[in-house]
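Engineer: Sequence:
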Amino acid sequence: MDALIPFTTSGSLVDLVDKKVLVILRDGRKLLGLFRSYDQFANFLLESTVERLHYKLEYADRDLGVLLIRGENVVALGEIDLIAEDMVPLREIGLKEIEEKIAEETRRRDRDFVIKGKVLGAMGFDREGREGDAY
Numbered sequence: 000m001d002a003l004i005p006f007t008t009s010g011s012l013v014d015l016v017d018k019k020v021l022v023i024l025r026d027g028r029k030l031l032g033l034f035r036s037y038d039q040f041a042n043f044l045l046e047s048t049v050e051r052l053h054y055k056l057e058y059a060d061r062d063l064g065v066l067l068i069r070g071e072n073v074v075a076l077g078e079i080d081l082i083a084e085d086m087v088p089l090r091e092i093g094l095k096e097i098e099e100k101i102a103e104e105t106r107r108r109d110r111d112f113v114i115k116g117k118v119l120g121a122m123g124f125d126r127e128g129r130e131g132d133a134y
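If you read the sequence shown in numbering that gives the first Met the number 0, its first letter stands for residue 0, the second for the next number, and so on.
Because the hints were derived from the structure by calculation, they are not lab data. Glycine residues also receive a C-beta, built at the ideal position from the N, C-alpha and C atoms. No false leads were mixed into what you were given.
DSS-like mimics (lysine-lysine), calculated; alpha carbons at most 30 Å apart, straight line:
hint, residue 1, residue 2
1, Lys18, Lys55
2, Lys55, Lys29
3, Lys19, Lys95
4, Lys29, Lys19
5, Lys100, Lys115
6, Lys95, Lys18
7, Lys19, Lys55
8, Lys117, Lys100
9, Lys55, Lys115
10, Lys55, Lys100
11, Lys117, Lys55
12, Lys29, Lys100
13, Lys100, Lys19
14, Lys95, Lys29
15, Lys18, Lys29
16, Lys95, Lys55
Each pair of labels, with its calculated beta carbon distance range:
hint, residue 1, residue 2, range
17, Ser47, Asp125, 43 to 53 Å
18, Asp17, Asp111, 38 to 48 Å
19, His53, Val16, 25 to 35 Å
20, Glu71, Ile114, 32 to 42 Å
21, Gly27, Pro88, 18 to 28 Å
All chains, full assembly: derive it from the sequences and hints.
Structural biologist: Structure below.
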């Protein structure tokens with residue numbers, strides 16, 4: 000009877016030990032690394048970890064080394080298919096180059112946000128907070 004109940008605890012993480020995983024954190028960062036160990040609270044240890052930065056169809060990796068991730072900060076966790084990973088149509092570029100592109104995109108969004116707020120204000124709408132303040 001108990002075998003029919005699916006694992007919904009940290010025990011279901013046992014299949015990921017010693018495998019390459021992708022972790023998406025609550026703050027939006029994406030980490031890739033080797034899943035080494037975990038505890039009853041779903042805290043886990045990643046080895047050879049990199050933070051992957053994306054901009055359109057380009058990416059760069061920032062080396063982070065060994066990380067202890069608190070389970071409550073994880074939005075998604077999944078095993079990476081090593082064969083399919085090589086077929087992803089992304090182009091690797093330098094870390095500095097992608098950071099500049101991301102910074103420029105952030106400046107553009109901030110500028111657009113201010114303009115949008117002025118236009119909405121002129122129409123009688125009150126624009127409080129920023130994107131993501133809802134939670």
